[in-house]
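Using the hints, put the two standalone chains together into the complex.
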Amino acid sequence: MIKGSLEQFFTSVLAVFIGLLIGAIILWITGYNPLTAYGLLAKSSLGDHHSIIETLNAMTPIIFTGLAAAVMFKSALFFIGMEGQLYVGALFAFIAGYMIQLPPIIHMAIALLAGGLGGLLWGLGPGYLKAKFGVNETVISIMLNWVAIYLTDYVVLYVFPDPKATITRTYKISPTAVLPRISSNLPLNWSFILAVLTAILTGFILYKTTTGYEMRVVGFNPRAARVAKINVERVYLKTFLFSGFLAGLAGSSMILGVFNSIPYRFSPGYGWDGITAALIAQNNPYFVLISSLLLAVLRTGSFGMMVGIGVSSDLILVIQGVVLVAASTPGAYSLITRYLKSWRGVKT
Amino acid sequence: MEMVNIHKVYPDGTIALRGVDLEIYEGEILGLLGENGAGKTTLMKILSGLLKPTKGVIKIHGDIVEFKSPKDALRYGIGMVHQHFTLIPNLTVLENIVLGYEPKVKGLFIDMSKAVEKLKKLMELTGFKLDPYVQVSSLPVGFKQMVEILKTLYKDVKLLILDEPTSSLTPIEVKQFFNALRKLKEHGVTVVFITHKIKEVLEITDRIVVLRKGRVEGVVKTIEANPPLLAKMMIKLESKPLLKTKHAPGSDILIVEDLWVRGDDNRYAVKGVSFKVREGEIYGIIGVEGSGQKELVEAIVGLRPYERGRIIIDSKDKLLAYIPPDRTIEGLVLEMRVYENSELGIHRFFTSKASIIDMKRVIEHCKKLIEEYSIIVPDIKAQTRFLSGGNQQKLVVARELSKGSKLIIAVNPTRGLDIEATNSVRRLLLELRENNKAVLLVTSDIDEALEVCDRVGVIFEGKLIGEELAEALTEEKLGLLMGGVTIS
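Protein sequences, first through last, are from chains A and B.
Quick note: the first sequence, position 204, residue 223 per our numbering, numbers continuous.
Quick note: the second sequence, position 128, residue 185 per our numbering, numbers continuous.
Just chain B, with the same shape it has in the complex (with noise of 0.2 Å):
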């Protein structure tokens, strides 16, 4: 089995796979490791028939072959198991597990005797043992994933990918977990094992491949690897710093205190949270996805009423630059023509007393824009959703920072850009900065956070955990942060 050349790029313009060749031998357990978002899922989603690669072919003993869905992945004994469950609550574990593929006597009952003998089989071969007779509402994780593997392999697979497997297992149910998928191995099922956990990988793979923003890092067998090594791989800084001079930071232009938000479920996301923004300062907010992050910078904007506590932005100027965390829901009418979108939110600007919008000063401004932030465009006329991801982005930053306004928010104004369009975004933001601007960023790169920030916070289930000079951090104490260790 052979993955060759894949790159997949999303209908959003997010890039997660950049010409990534793989191979699989058969009989062998591989590992796939990777940070979040280095495309481990993407490519297996791609094997599995879930997603079409952009470019590039899977051949299987050679052969080309094309998967249009799942199903035709599973004719050549491939499937996955996802990170999430899949299982329906109100059905029995037997039910759940033959849904889709259940033996069936001359076409209308299904015959579920065979169906239990098939299963006993299975369980005998991976040592799961389970009550087929149960329902799958009433078991704890641990066996919930087992339902997942054996409904997977009820289908006969030859080659079985497990997204993520152990996330949800105590470390006892671990061990007993790869005791499995070495009882698998042995009876010749090929076994793909994504996972971010270096410990792991090392304790149960054959070979391990290692995927960092779309590539792959390297290929190394697992006797041969060890931690640092797999570590350095995983998460190597490529590109060199980006130069921050020391700059004095002014006084307050944004202070939030002791506010309080509610997410949509009408529960507090944000709970009591305080923290200042100085003019000529880029202030970092960090945390992982869900953490409340959302809720504070819509209330900041004004998109979301809040409870208590107070935002006072010191600002003459009415409007707020604001980068959006979704360019396409948030920042820019994909349907509507590039020139159009550079005016959104400021379009009462351009228009004469009647109302009328006066379009050649618009395409004037948008002229300005492009050649100013070098945006790659087709046509000015051209609807926006023909730009690549990076070119919209930094039309959405463009757009917003002719606002001009001392205050610039900035939710995640980087993610699913490439490298250089990354770079250029940040050192955007640094340019801000140097310009005595007040820059709130919020983002769930840590790399982001320590690279672009003077000071970052951490936002932790609603709460702001710890603030701290960004030079005081490293990747290690903000990923304990994040995950709700306090450091005493």
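For reference, chain A alone in the conformation it holds in the complex (with noise of 0.2 Å):
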């Protein structure tokens, strides 16, 4: 299945690269020289020990929503409250690494799975919804997204605030659900290696089970998978609570390996991150891998750009921007067909 698909990832490098040079004439139009910029963004992204950490510390949740994303999308839904269930999937994990008391390790993946059921629980719904009455996923996602928001919003802010804090932040959660970095000298813990499993792991799933391939299925084909006697509402379900669980995930995996609390507001929008990689990677869970780092690279590496160069942090945006719809515009392109055909095929 590698080798098909290849051939579509280059064409989301090739639109990276485009993207990267609209970016370039805009940053010469508006008085910057580009290769300085890019070489800064380069830099402060990849060009030392330090930036390469947090860049791949960046990466880790963005790899999570990614793959919930992806799940999501090869099943032909278009749901996009991943930046929901990571908040959902934050506030789980940090109800079980704060409350309970349990001997480390198992801590850790109680805490771990807690946020993943957090995330799955807030897909519960709209999943349930769409395969039961075929209420419209992607509508509900983001009202959604607002909800848990403001839920965490509300636990940060007034029940478990900590007076002691510098930040808005709650209280600290107990050491023992404290994810480990994995060495002493490395700030980087061990969610970022158990993400690049969580995607090989999603990939096999995909592409080696029955699930998968029912999923696959149903989001190429709805009809087709109805007329071959699949479950379509069943499989409809399960992507959702698969899909949650990837996206809770990444909140915990904030939570407990760099935050140790919930800061207020502390996504930066990596729910929004994933369902980008999601389509620069063509809903491939290995290429995920690849489109977040490019994600990430883009979120640490522009800080450098604006301190270096002082390009605006407006127009960083307009460049990040300009550069993830390109990459994305071949995901989407045959995303929105699929969905558009298997909306058809569910009328028809």
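Hints listed in this document are in silico derivations from the structure and should not be mistaken for laboratory results.
Heads up, none of these hints are tricks.
With a straight-line Cα cutoff of 27 Å, these simulated DSS-like cross-link-like pairs (lysine-lysine) come out:
| no. | chain 1 | residue 1 | chain 2 | residue 2 |
| --- | --- | --- | --- | --- |
| 1 | A | Lys-248 | B | Lys-410 |
| 2 | A | Lys-257 | B | Lys-410 |
| 3 | B | Lys-254 | B | Lys-215 |
| 4 | B | Lys-375 | A | Lys-151 |
| 5 | B | Lys-215 | B | Lys-128 |
| 6 | B | Lys-438 | A | Lys-248 |
| 7 | B | Lys-463 | B | Lys-303 |
| 8 | B | Lys-424 | A | Lys-227 |
| 9 | B | Lys-240 | B | Lys-215 |
| 10 | A | Lys-227 | B | Lys-417 |
| 11 | B | Lys-328 | A | Lys-248 |
| 12 | A | Lys-248 | B | Lys-373 |
| 13 | B | Lys-109 | B | Lys-128 |
| 14 | B | Lys-201 | B | Lys-215 |
| 15 | B | Lys-425 | A | Lys-227 |
| 16 | B | Lys-375 | A | Lys-227 |
| 17 | B | Lys-417 | A | Lys-248 |
| 18 | A | Lys-248 | B | Lys-424 |
| 19 | A | Lys-248 | B | Lys-460 |
| 20 | B | Lys-254 | B | Lys-278 |
| 21 | A | Lys-227 | B | Lys-438 |
| 22 | A | Lys-257 | B | Lys-375 |
| 23 | B | Lys-171 | B | Lys-186 |
| 24 | B | Lys-116 | B | Lys-212 |
| 25 | B | Lys-177 | B | Lys-232 |
| 26 | A | Lys-227 | B | Lys-410 |
| 27 | A | Lys-248 | B | Lys-375 |
| 28 | A | Lys-248 | B | Lys-425 |
| 29 | B | Lys-463 | A | Lys-248 |
| 30 | B | Lys-333 | A | Lys-248 |
| 31 | B | Lys-175 | B | Lys-215 |
| 32 | B | Lys-460 | A | Lys-227 |
Structure representation (structure tokens):
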């Protein structure tokens, strides 16, 4: 399954370069040297030990949300509630890490899974509505994102606020639930490794198991799935639960690995980055690893561009936007055609 | 005007035209005669720029031209009136006619008086009498047809293509319509008249081209033609009949009793259908498309709930071999690999305990199917959309038959296939019959019903009217039954 999709992936890589080129033109017009700017972007995201670690740390949650989105889109569901699921995952992981007392390794595992469970539960509602009544998942997901974010705000501000903290955040979780660093002098925790393994496992599930097979059939051609006696509604529900679990893990990895508490509005939009990552990777879980690296580089590197030659933060958003829109165009195109096809397939 | 070696293959693999040469002389009325699906409409859609040929060129006065859209064809004065109305009911006759070609004043306003003038001239020319200010929705069908023709003529068309223009007209209207055509001819307009009605083509045309299965079967001058000759050209049975051995049917495998099924519009599409299919027998259900056969089959295979009646399938195996009417929508996932499609619907049998699919076994299974049914595949790992239509269909048939169930349901299994693939599918059906399987064949192809089936039931407006042994039926009799005329 790699060879054919590799070609697709190269289309995406080409698209990224076109995006960078357009970004360069914008930089040039606004009076910056694009080469210097991109040099700084690369240097501050991949230039030294410290910045690489920072990039990898940003990459971790994007891998999880990217996988969540890829799984959704594979089934031709346009659910974009990963940001909300990330927050709910964080909430659950925090509660498991703060309220329960357990021995170290077990506590970590339980807290991690709790985060996944949170995301899964957040997907259960829209998944059930979609499967049972055919309610449009996109609209619901956007609304649920805000519910999740404000719910987390409430918990951070009123339920567990740490009065001694210098930033607005909750209490710290118990040390037994904290994900340790890979080695003591690397500020990179085990959740990165976990994310990479999860990507490989997700690929295995999609391409080698009955569940994955049925998800792909439903995603490409729901009518043929029905004729083949595949229970389409059940596949939809499974997809929601699986994807929700993955998105929830993004939240728990951030809480247990990086913050050890829930800071107010801690996600810079990793849930949304996941959607972009999945689009660039054309929903291939293995390629999500690469596309999430690109997103992480843009996130961490643009700070260097800002400090280095004083590109304004607004312009940086423009550059990021241009690159990402270009990069996700091939994936978005095929997703939209598939979505329309499945929509027609359901109707006829 | 000339069309040379035109081929057309639709994206779904259906071959509509296989090398058609056609000459159209200025000022003539040319009849394009053929059965449904002979390729008449496709050919003319190519000429009018609506479709692009897969191969072949169009020449006008010896120069090769290429039409990217109907507008390009219009520039050469070629316009087509389609079989289905393309009018906007809420607009007036005049508004419909000028639509898209409004005479503009300063690029902003429409000069309707100019349009009326031109329309009046056209009406004089054709003898059509219409009130330009009346709403199209209030017109009877015959008048709508006139509006369609005026609309095309309004664009200064010199070659007018008419696709089955008389299908909705009464006999008197047809007379009037033919008079208009003669007047147009006097004024130098060339007309291509698409029809399957022999009588009409003899009455109005100068020359007749007969199409059959995407090829030109013959060209005759109308004065030299007669009905039996044209009929023979239209529906010649060219393949020798398949060998059908005598075979005594066994016990009932599928029993359908007083079945009532609702269609998508919630009205009854199947109204009390009863029939039986026995082992060692091919039972055909034939009918004009939309007679309820789709809903009937969907109820039997469990894709559609039924309201009343019973369906009894005597089969131990839970799997049902079902060859759906549209392989690309219902039978295959074109974006997935050939071997992945070879397990669709039976994929659960290739899994281990942990629901991991044993790819080795799937590939083995797929290779076996490919060999057994001689399916031509570029690569077993290729996406299925790269297979030709015939091979896609073979893949579906092979997979469904590999289920080994006692009952096989096939819906239009040879639609869009070339003659060779058609014959191989039909031969397979007969083989199944010899192996004592029960086959339900739903088709809209009269040849197929007569050639393959043992018994045929005709479905008309959701009811089975007439059930006969295939030997007792003739094409003519079947045609009448399909049109709802019961023979007493």
